[in-house]
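Participant: In case you want the letters, here they are:
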Amino acid sequence: MDGTRLVCRGDWSAPQLAMVERRLQRLSGRAGDNWQLDTSGVSQLDSAGAFLLDRLKRDLEKQQVSLSMEALPSRHRALIDLIAETAQPGAAVGTARKGPLVRLGESTTEIGSQAAGYLDFVGRFALDSLPRLLTPHRIRWKQVVGEIEHAGVNAIPILGLLAFLTGVVIAYQGGTPLEQYGANILLVDLLAITMLREMAPLMTAIIVAGRTGSAYAAQIGTMRITEEVDALRVIGLTPYEILALPKMLGLLVAMPLLTLFADLMGMLGGMVVANTMFGIGYDDFLRRIPEAIYPSSFWVGIIKAPVFAAIIVSISCYHGFAVQGSTESVGRATTRSVVQSIFLVIVADAIFSVVFNIVNL
Amino acid sequence: MNGNQHAILQAKGLETRLGGNLIHQNLDLDVRPGEILAIVGGSGSGKTVLLRELILLLRPTRGTIHLFGRDCSHVSPDAMRKLREQIGVMFQHGALFTGMSVAENVMLPMQEHTRLRRSTLEELAMIKIRLAGLPPEAAARKPSELSGGMVKRAALARALALDPELLFLDEPTAGLDPVSAGAFDDRILELRELLGLTVVMITHDMDSLWRATDRVAFLADRRVVANQPIAELTANPHPAIQAYFAGPRARDRRIEQ
Ligand SMILES: Nc1ncnc2c1ncn2[C@@H]1O[C@H](COP(=O)(O)OP(=O)(O)O)[C@@H](O)[C@H]1O
Ligand SMILES: [Mg+2]
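Respectively, the protein sequence lines represent chains F and P. To convert, count from 1 in the first sequence and add 590; that's the working numbering. To convert, count from 1 in the second sequence and add 745; that's the working numbering.
This is chain F alone, in the form it adopts within the complex:
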């Protein structure tokens, strides 16, 4: 019918428009119709409302229905005109979703480029650091001491507790079968070998990777985003050296000490269980220790610590420096640094076992 009136009323601002949008899309007319738009009852019209009306006009034109806006209040007309001018139907916003094959390919190449990037980082780090290491008075010892405090001293309570509990668990689990053979006293040997050789260094590395490595990645990553790393470079400082070297030196000192501490706490935990559950007195336990500990067990454990420290620092600093652009990527770098540090620590531990076996330690 000619002269259909489309009457709009009420609040036409974005938060209220969900129903209106649906109803407008259901509207249709016959070709050749002339509709009149009436917005005199609209209390508020914002750009979302104006956009819906403009889109309605375009949709109706496709059905060869004309929508006359002659009678509109001038303010509404002006807004709709502005929106019509700026709108670009079908303008693409989206970041196209990637197909599964593309993503598989990308993540595969990323693994390769990450390995290459890591080697590149290690090389540059060594290049930046060597001049400092050759002139020890120029090393930033104050920062090194700070790192030892953060990574080492502050980790003592949590590491002590966990190592103690690990000792307790090993003593419980190992003590029962030994008791059946009346070989209670060998519990000391069991504890010494598992704690000193394997558990203490691993526990320490895992705690440090989670506590300290993640903090390194987050700190350096955030500095990348705020362009502090670039500022260092512009001032003529070498960021790898100034940021990563004190961390490396600090952890190289702190990790063996932490491992030693974990050794002690683990043995202590085992000793308590041995005394209360398996009738091995403290004095018997202590007297057995020198026989049970081959010096090699102890050193094998301690020697792993600096290697683990190097892995943790280099991986987490690498991921920190690889951060780009968004705060999201700081989160990703932190996660990756922890996961990959722990993964590589365990790989290194396996390699140690094989090598020590070959050289009969």
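Hints are computed from structural coordinates only; laboratory data are not their basis. Idealized CB from N, CA, C, for every residue including glycine. Some hints here could point you the wrong way.
Said to hold, decoys possible - Here are the computed distance ranges between Cβ atoms for each label pair: (1) A900/F / R862/P: 51 to 57 Å; (2) V929/F / A988/P: 56 to 62 Å; (3) R807/P / D820/F: 40 to 46 Å; (4) L934/P / R693/F: 43 to 49 Å; (5) D966/P / D820/F: 56 to 62 Å.
Said to hold, decoys possible - Take a look, some chain F residues computed to stay more than 10 Å from chain P by CB distance: (6) R616; (7) A668; (8) L669; (9) T676; (10) R687; (11) Q704; (12) E918.
Following the hints, position chain P with the ligands against chain F.
Facilitator: Showing chain P with the ligands alone in chain F's frame:
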């Protein structure tokens, strides 16, 4: 209702202490509907802090703030949501969400406050992006891939997302070249005309002050010492104002006028 019925925003007797220093004392400010008000003052005079109080991010130690005629000392979460729909803010450094594209940044407030279809929101976001003066290609880019001027415009687009009645801008033209800064001022004037905005902006830009503002509130001695059109303000005998406008940059400008 309290005080001046005509003010869209009214602050009365504000006092602010932060970390032991007194930043504002006995500060009064009113903003009329439809005007563009600039807040000026020396660096560190507390402009950003005042803005944070006006947008209800920071609670003043003492004093009241009325927005749209209602007291904002005690606002229920629901009422706060409504208020947020009516206020747009452009932060000093943009504060764009770095993990999202420009278009997603602009769509986020709309997604939160409306139930329109996604396709509609996308087209609306494109309109806002164009209105803010960005080329459409910028919509899909991440904030880290934008220049300083584009970041400002993207932040403006996000501030405009819900067609706020009241728009706050913190140093919108700082760091822009004179041409872009002038274009930005024109943009604001045009949007005020078309969308009926009220604008409160912090600025140091003499050209903006002369070109785009109706009144200028001058912050000194921890309070607003004058709130008047720029032509009158420059003639104000208050020593801090005279010192501010007697600087070499401001003087050149006045001679031109
Ligand atoms: N969170 C805070 N704690 C203590 N002092 C602050 C804090 N934020 C700002 N200030 C101080 O308040 C004063 C005003 O700051 P600001 O509003 O940022 O100044 P500007 O006018 O340049 O924007 C400055 O002296 C600043 O040191
Ligand atoms: Mg400021």
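Participant: If I take the minimum Cβ distance from T676/F to any residue of chain P, is it greater than 10 Å?
Facilitator: violated (4 Å)
Participant: D966/P and D820/F, beta-carbon distance inside 56 to 62 Å?
Facilitator: Violated: the Cβ-Cβ distance is about 40 Å, outside 56 to 62 Å.
Participant: Is 56 to 62 Å right for how far apart the beta carbons of V929/F and A988/P are?
Facilitator: holds (58 Å)
Participant: Taking 43 to 49 Å as the hint, is the beta-carbon distance of L934/P and R693/F inside that range?
Facilitator: About 47 Å separates the Cβ atoms of L934/P and R693/F, which means 43 to 49 Å holds.
Participant: Per the stated criterion, does the least C-beta distance between L669/F and chain P lie above 10 Å, as a non-interface residue requires?
Facilitator: violated (6 Å)
Participant: For the pair R807/P and D820/F, does the Cβ-Cβ distance stay inside 40 to 46 Å?
Facilitator: Holds, since R807/P and D820/F (Cβ atoms, about 43 Å apart) stay within the stated range.
Participant: Against chain P, does R687/F keep a CB gap of more than 10 Å to every residue?
Facilitator: holds (13 Å)
Participant: Check the non-interface label on A668/F: least C-beta distance to chain P beyond 10 Å or not.
Facilitator: At about 6 Å from chain P, A668/F fails to clear the 10 Å cut-off, so the statement is violated.
Participant: Does the no-contact call for E918/F survive, Cβ to all of chain P over 10 Å?
Facilitator: violated (4 Å)
Participant: Holds or violated: is the Cβ of R616/F farther than 10 Å from all Cβ atoms of chain P?
Facilitator: Nearest chain P Cβ is 13 Å from R616/F, so the label holds.
Participant: Look at the Cβ atoms of A900/F and R862/P and judge whether their distance stays inside 51 to 57 Å.
Facilitator: holds (54 Å)
Participant: Once the closest CB in chain P is found, is it more than 10 Å from Q704/F?
Facilitator: For Q704/F, whose nearest Cβ neighbour in chain P is about 20 Å away, the distance exceeds 10 Å, so it holds.
Violated hints for the displayed structure, listed by number in ascending order: 5, 7, 8, 9, 12.
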